[in-house]
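Residue numbers (UniProt numbering), protein chains in the order written: chain A, 1 to 480; chain E, 1 to 480.
If you're looking for bench data, these hints aren't it; they were derived computationally from the structure.
Where hints are given, some of them may not hold.
Note that identical chains are pooled: a pair holds if it fits in a single copy or bridges any two copies.
Claimed, not checked - SDA-like, lysine to any residue: derived pairs with alpha carbons at most 20 Å apart: (1) Lys276 <-> Arg111; (2) Lys449 <-> Thr206; (3) Lys162 <-> Arg114; (4) Lys162 <-> Arg111.
Protein chains: 2
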Amino acid sequence: MRMSSPSTVAKTPLYETVASRIAQSITEGTFRPGDKIPSVRTLSRQFQVSLTTVLEAYTLLEDRGLIDARPQSGYYVRARFPVVTPEPGISAPQLSPTGVSTGELAMLVLRDTRNPDLVPLGAAIPNPALLPVERLNRMLATESRRHGIASVSYEIPPGCEKLRVQIAQRMLTAGCAVSPDRLVTTSGCVEAVVLSLRAICRPGDTVAVESPVYYNFLQAIDLLDLRALEIPSHPRHGMSLDALRYALDHNPIRACMVIANFNNPLGSLMPDEYKKELVELLVARDIPLIEDDIYGDLSFAPNRPRMAKAYDRSGMVLLCSSFSKTLAPGYRVGWVAPGRFQTEIERLKGITNIATSTPPQLAVAEFLANGGYDHHVRRIRRVYARQMVQMAEAVGRTFPAGTRVTRPEGGFVLWVECPPTVDSLLLYEQALRAGITIAPGPIFSATGKYRNCIRLNAAYWDERVENAISTLGQLAAAMS
Amino acid sequence: MRMSSPSTVAKTPLYETVASRIAQSITEGTFRPGDKIPSVRTLSRQFQVSLTTVLEAYTLLEDRGLIDARPQSGYYVRARFPVVTPEPGISAPQLSPTGVSTGELAMLVLRDTRNPDLVPLGAAIPNPALLPVERLNRMLATESRRHGIASVSYEIPPGCEKLRVQIAQRMLTAGCAVSPDRLVTTSGCVEAVVLSLRAICRPGDTVAVESPVYYNFLQAIDLLDLRALEIPSHPRHGMSLDALRYALDHNPIRACMVIANFNNPLGSLMPDEYKKELVELLVARDIPLIEDDIYGDLSFAPNRPRMAKAYDRSGMVLLCSSFSKTLAPGYRVGWVAPGRFQTEIERLKGITNIATSTPPQLAVAEFLANGGYDHHVRRIRRVYARQMVQMAEAVGRTFPAGTRVTRPEGGFVLWVECPPTVDSLLLYEQALRAGITIAPGPIFSATGKYRNCIRLNAAYWDERVENAISTLGQLAAAMS
């Protein structure tokens with residue numbers, strides 16, 4: 001193939017012509033989101049243009065948000081979302097606090113994961129085929145052997161030092177300079193969140209949450225006899241700060257909880273300036289922020305977003321996270337950077353279960369230090385980026401007209417807003433009978449909202465999943 | 001050596017003569033508690049008497065409680081306690097409920113374990129030299145490899161099935177026929193206890209506990225905004241049922257907690273008929289019993305005692321335990337048999353931290369199935385039996401007159417009641433300065449009792465520990 005000669009495209013620079021050819025091949029689906037596009041050298045040979053021209057073309061495509069450069073790796077098509085299916089609008093929960101009772105449903109969705117016969121679109125679990133199982137297990141074995149007696153002994157709070165050092169180093173890439181001494185390891189992120197809530201709140205207190213909200217937040221709030229106040233949230237930018245400000249002015253709010261980066265279930269990514277504003281807004285009122293960053297590393301862009309904790313100068317943000325979405329959910333290794341609540345979190349962790357299991361902490365610490373964590377994460381987020389688009393497209397094709405779907409820039413969950421006549425609780429039951437598990441909308445609300453919404457786990461993509469989406473679409477259509 | 005000829009001992013049967021010779025060698029310290037005595041065959045040769053005579057002699061010594069037969073192993077001197085130091089009397093806490101605030105001290109005692117320069121007589125941790133570290137770690141490695149993806153996946157409540165099957169089989173030896181489906185694995189025994197309390201109680205409820213009481217019970221009660229009612233307890237038989245009955249008649253008690261077998265800190269072993277009575281007493285009033293059996297397998301007698309749960313016909317006993325005292329505290333693998341609270345416990349476990357870490361559960365399950373758990377436990381309880389006597393004797397030698405010490409028949413903690421002028425909080429501080437950590441009495445009470453008592457961890461015994469006991473004795477004497 002030879003590029004059109006310079007004469008015929010005299011008015012456009014050659015690199016723009018190259019760029020539009022590539023853009024076209026992306027639009028046509030030759031290269032799909034997450035795919036690697038040809039290297040600069042290959043394209044230069046193919047198009048018979050200079051290396052500089054190709055580089056300029058790629059820079060242009062980067063600027064337009066079509067591709068991403070990945071150091072030492074090349075250029076990749078950025079995850080985009082089909083234009084056919086619009087995004088949901090901002091949520092509109094009622095602005096008065098409510099007791100929580102999501103009941104048995106959330107438990108059922110988690111329980112569905114134990115049934116291998118079900119297509120697992122319900123719980124937000126990572127695709128096991130994308131977890132570094134063998135390397136982790138090797139490290140579990142070698143580290144336990146190497147530490148001998150220490151491997152069977154308590155790692156009492158704040159927990160395994162080597163792991164805390166690795167986490168502290170890694171938090172720098174998210175904009176947080178936190179000393180390893182200011183971290184506490186936990187049995188997963190959920191435990192970190194529950195401990196944080198408990199450190200801050202007393203029974204009866206009100207907690208501001210996003211809406212829709214991760215159902216474990218609601219269950220934790222319920223567990224501690226607290227009340228949830230659902231704040232409207234935008235599918236792109238997360239919790240509405242205007243709505244939060246209004247709520248703060250009208251309600252005695254004791255704490256605020258957010259998943260700022262690649263929210264579960266909305267997929268929203270709160271812009272950095274909003275994160276800063278959120279922290280300032282709360283600190284000015286002496287209200288702690290519990291931030292869950294469990295999806296932060298799964299950014300489809302080359303660099304992961306900052307944490308809200310990065311804007312915390314007064315120790316009022318309790319940053320919670322874990323390796324359950326990237327390495328091993330079953331290891332139950334998470335952590336909290338509790339700011340000024342350090343002592344109380346250590347105390348509560350000790351009372352709750354004394355310590356986090358030692359061998360998994362040693363294995364994860366070693367994986368972070370010498371296991372190629374960055375490489376691993378780059379690999380899996382490429383897959384999730386592609387699958388998220390594939391699933392969103394499939395929803396667009398098969399769900400009834402009027403359906404909306406989110407366009408997350410990270411993580412692996414999609415939020416689908418069906419036409420108002422669709423009953424997601426009924427859909428959940430019908431889907432189960434068809435061998436598919438989904439997360440129905442009402443479990444993401446303390447007030448029974450989102451009856452016409454579902455959350456889909458996009459961590460899996462194959463023919464079986466594609467057929468499942470098609471089945472779901474038909475079931476939903478039958479209700480429209 | 002030849003036994004005295006039959007003629008000179010004409011009036012006593014020959015086997016009695018043999019028995020008294022052995023008894024004497026035990027009294028003189030030739031054979032010490034936990035030691036193996038010569039086999040029947042050896043002694044028959046040595047004393048030139050028939051095998052039958054030796055067998056009869058050993059049966060007599062068994063009946064007198066001096067030795068124990070261990071199948072496939074031989075005869076061992078039973079753990080006894082020095083007569084020089086009397087046992088403490090029954091405790092006498094006040095019979096009105098109180099808010100709990102054991103404060104920072106309990107945390108400090110646990111924290112002391114991280115300092116290898118301190119002689120570890122404080123926290124009730126097992127001797128790491130007696131843990132099967134290498135075998136466990138080998139099983140951790142092989143089981144994780146064997147289970148592949150399952151080893152990094154959630155074991156959501158009720159938890160790892162293979163482990164539950166093994167635990168259910170083992171509970172039979174403690175008199176409990178519980179189906180594996182009626183067990184929930186937890187991150188250690190403390191978590192099992194906290195989940196149990198939460199499943200039963202609401203803030204403000206009163207819980208009846210032993211006195212002195214394991215301080216984690218008090219902290220759990222505090223955590224959940226409950227109130228503790230301390231019931232007088234006997235150093236041999238545990239919680240006084242008369243006192244409990246009185247308390248039940250005069251207080252609205254919502255739950256009762258006991259460590260019936262080898263209590264921490266008292267070392268008491270509640271007789272089976274008392275266990276039965278305890279369960280009946282509570283069931284008649286519809287009050288659940290939370291039983292902690294973490295020391296149950298560490299019985300110095302050949303057969304472990306039954307659990308109170310063995311007398312539970314109505315699902316009102318929540319049996320909590322773990323492998324932290326026998327296999328690996330750092331693995332954080334425990335369980336609860338929650339009776340009629342099964343569903344609620346599963347739900348609470350899920351909200352607290354979703355699941356217990358998978359690889360340690362797999363390793364422990366394999367150890368129970370094929371690792372020689374019984375043999376291992378027989379070995380370590382022999383050591384603990386001997387050390388407990390050695391430490392009690394050392395206390396008797398070095399502590400001021402008027403000191404009392406318990407005589408547990410299992411476990412590895414000793415409770416020392418010093419003369420009233422001894423201040424254990426001061427002793428704790430002075431001991432720390434001397435490089436020794438102990439558990440001061442007041443952390444075992446919600447009402448600041450036991451100021452003149454300390455708990456000693458007898459899991460270690462060597463010259464350093466012996467010297468530490470001597471130092472403690474001198475420090476206590478200086479306060480008398």
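Taking the hints in turn, this is what the structure says about them:
no.	hint	result
1	Lys276 <-> Arg111	neither (38 Å within a copy, 37 Å between copies)
2	Lys449 <-> Thr206	within (19 Å within a copy, 38 Å between copies)
3	Lys162 <-> Arg114	between (33 Å within a copy, 15 Å between copies)
4	Lys162 <-> Arg111	between (34 Å within a copy, 18 Å between copies)
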